[in-house]
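Visitor: Residues per chain are reported as follows:
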Amino acid sequence: DAGVTQSPTHLIKTRGQHVTLRCSPISGHKSVSWYQQVLGQGPQFIFQYYEKEERGRGNFPDRFSARQFPNYSSELNVNALLLGDSALYLCASSLAVSESSYEQYFGPGTRLTVT
Amino acid sequence: DAKTTQPNSMESNEEEPVHLPCNHSTISGTDYIHWYRQLPSQGPEYVIHGLTSNVNNRMASLAIAEDRKSSTLILHRATLRDAAVYYCILRVYNQGGKLIFGQGTELSVKP
Numbered sequence: 157d158a159g160v161t162q163s164p165t166h167l168i169k170t171r172g173q174h175v176t177l178r179c180s181p182i183s184g185h186k187s188v189s190w191y192q193q194v195l196g197q198g199p200q201f202i203f204q205y206y207e208k209e210e211r212g213r214g215n216f217p218d219r220f221s222a223r224q225f226p227n228y229s230s231e232l233n234v235n236a237l238l239l240g241d242s243a244l245y246l247c248a249s250s251l252a253v254s255e256s257s258y259e260q261y262f263g264p265g266t267r268l269t270v271t
Numbered sequence: 002d003a004k005t006t007q008p009n010s011m012e013s014n015e016e017e018p019v020h021l022p023c024n025h026s027t028i029s030g031t032d033y034i035h036w037y038r039q040l041p042s043q044g045p046e047y048v049i050h051g052l053t054s055n056v057n058n059r060m061a062s063l064a065i066a067e068d069r070k071s072s073t074l075i076l077h078r079a080t081l082r083d084a085a086v087y088y089c090i091l092r093v094y095n096q097g098g099k100l101i102f103g104q105g106t107e108l109s110v111k112p
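Sequence lines, in order, name chains A and B. Per my numbering, the very first residue in the first sequence carries number 157; after that it's consecutive. Per my numbering, the very first residue in the second sequence carries number 2; after that it's consecutive.
Careful, some of the hints might be misleading.
[Claimed, not checked] Stretch-level coverage of chain A by chain B, calculated; a stretch enters the list once three of its residues show a Cβ under 8 Å from a Cβ in chain B:
no. : stretch
1   : 188–199
2   : 204–215
3   : 258–271
[Said to hold, decoys possible] Calculated cross-link-like contacts (lysine to any residue; reagent style SDA-like; alpha-carbon spacing at most 25 Å):
no. : chain 1 : residue 1 : chain 2 : residue 2
4   : B       : 4         : A       : 243
5   : B       : 4         : A       : 198
6   : A       : 186       : B       : 31
7   : B       : 4         : A       : 193
8   : B       : 4         : A       : 259
9   : B       : 4         : A       : 195
10  : B       : 70        : A       : 258
11  : B       : 111       : A       : 197
12  : B       : 4         : A       : 244
13  : A       : 186       : B       : 50
14  : A       : 169       : B       : 43
15  : B       : 70        : A       : 198
16  : B       : 4         : A       : 261
17  : A       : 186       : B       : 33
18  : B       : 70        : A       : 200
19  : A       : 208       : B       : 101
20  : B       : 111       : A       : 198
21  : A       : 186       : B       : 51
22  : B       : 4         : A       : 216
23  : B       : 4         : A       : 197
24  : B       : 111       : B       : 4
25  : A       : 186       : B       : 47
26  : A       : 169       : B       : 42
27  : A       : 186       : B       : 93
28  : B       : 4         : A       : 258
29  : B       : 4         : A       : 211
30  : B       : 4         : A       : 217
31  : A       : 186       : B       : 43
Calculated directly from the structure, the hints in this document are not laboratory data. These numbers come from a predicted model, not from an experiment. For glycine and all other residues, C-beta sits at the position ideal for the given N, C-alpha and C.
When you get a sec, could you build the whole thing from the sequences and use the hints?
Guide: See below:
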C-alpha cells in the first residue's frame, strides 16, 4: 500500500510570494495533519483536518491556511512568505481524529526555502 | 500542553540493547505514551505506544513505570539503521490528533 505522499519534494520561493503544498493520505485515512519542522527542532503542529473540517489549529499566523478535499487529500497554503517560513513541511494521516491511541503516519515532507 | 523530558543525545554500540528514557511526571490517567523516530532526511515514523502495560512490537518494547511518570523505549539490538532522533510524546485525551514534539533524543549507533 502507498504511504502518505507529498508534493513537491523541494521548493524555492521568494519573500512575499505564495506557496501551495499538497498531501495525499493513506487510503482509508480520513484525518490529515500538517506540521512545520525548522532545522534542528522537532515538528510543530499547524493544522488538523477531518472529513473536510478543521479540527485543530496550532499557533501559526493567518498567513497559513489549509483545506481538505472530498477524497481526503489536503493542501497547505502560505501567503506573503517570510524567510522564517523556510522549513520542512510534513503531512501526517490517521484513521480518526480524536482517539489518542491512534498513530499518525508521516509523509517525507516538502522542503521549502524562502530567499 | 503535556510535557515530556528526554536526554538530548545517547550513544550505543551496534547489536547491543538501547534504553531510551522519558519522564512525563504530569501525565494524566487517560494520556497515551507514544514514541516516534525520525531518521535523517525523512518524516517521523511511528514506533510504539502504550497506556499502562508494557508493550512489544516488531520494532521495539515500551516499558511503562507503575506510576506512569516515566517510560523507557527499548531497542533490543541496535543497528546502524536505528540512528535517529527519538521522540517521546503524550497523546492527550480530547485534544484531538495533534502531536506535541519536544527536542527528542538523538541516538547514534557505533559499529
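Visitor: Hint by hint, note whether the structure agrees.
Guide: Hints, one by one, checked against the model:
1. 188–199: As far as the stretch 188–199 of chain A goes, the hint holds, because 5 residues have Cβ atoms under 8 Å from chain B.
2. 204–215: Since three or more residues must qualify, the claim that chain B covers the stretch 204–215 of chain A holds, with 5 doing so at under 8 Å.
3. 258–271: holds (count 8)
4. 4(B) / 243(A): Given that 25 Å is the threshold and the Cα spacing comes to 24 Å, the pair holds.
5. 4(B) / 198(A): Cα-Cα ~13 Å, so holds.
6. 186(A) / 31(B): Within the cut-off at roughly 23 Å; holds.
7. 4(B) / 193(A): holds (18 Å)
8. 4(B) / 259(A): Between residue 4(B) and residue 259(A) the Cα gap is close to 18 Å, so the pair holds against 25 Å.
9. 4(B) / 195(A): At roughly 21 Å apart (the allowed maximum being 25 Å), residue 195(A) and residue 4(B) satisfy the hint.
10. 70(B) / 258(A): holds (21 Å)
11. 111(B) / 197(A): holds (24 Å)
12. 4(B) / 244(A): Holds. Residue 4(B) to residue 244(A) sits at ~23 Å (cutoff 25 Å).
13. 186(A) / 50(B): Distance ~21 Å between residue 186(A) and residue 50(B) Cα, so the pair holds.
14. 169(A) / 43(B): At roughly 22 Å apart (the allowed maximum being 25 Å), residue 43(B) and residue 169(A) satisfy the hint.
15. 70(B) / 198(A): holds (22 Å)
16. 4(B) / 261(A): Distance ~22 Å between residue 4(B) and residue 261(A) Cα, so the pair holds.
17. 186(A) / 33(B): Holds - the C-alpha atoms of residue 33(B) and residue 186(A) are around 21 Å apart, at most 25 Å.
18. 70(B) / 200(A): holds (24 Å)
19. 208(A) / 101(B): holds (22 Å)
20. 111(B) / 198(A): This hinted pair holds, its Cα atoms lying about 24 Å apart.
21. 186(A) / 51(B): holds (23 Å)
22. 4(B) / 216(A): holds (20 Å)
23. 4(B) / 197(A): Roughly 16 Å separates the two Cα atoms, so the pair holds.
24. 111(B) / 4(B): violated (30 Å)
25. 186(A) / 47(B): Holds, at about 18 Å.
26. 169(A) / 42(B): holds (20 Å)
27. 186(A) / 93(B): Within the cut-off at roughly 20 Å; holds.
28. 4(B) / 258(A): Holds, at roughly 19 Å.
29. 4(B) / 211(A): holds (22 Å)
30. 4(B) / 217(A): holds (24 Å)
31. 186(A) / 43(B): At roughly 23 Å apart (the allowed maximum being 25 Å), residue 43(B) and residue 186(A) satisfy the hint.
This entry does not satisfy hint 24, going by the numbered hints stated previously; all others are met.
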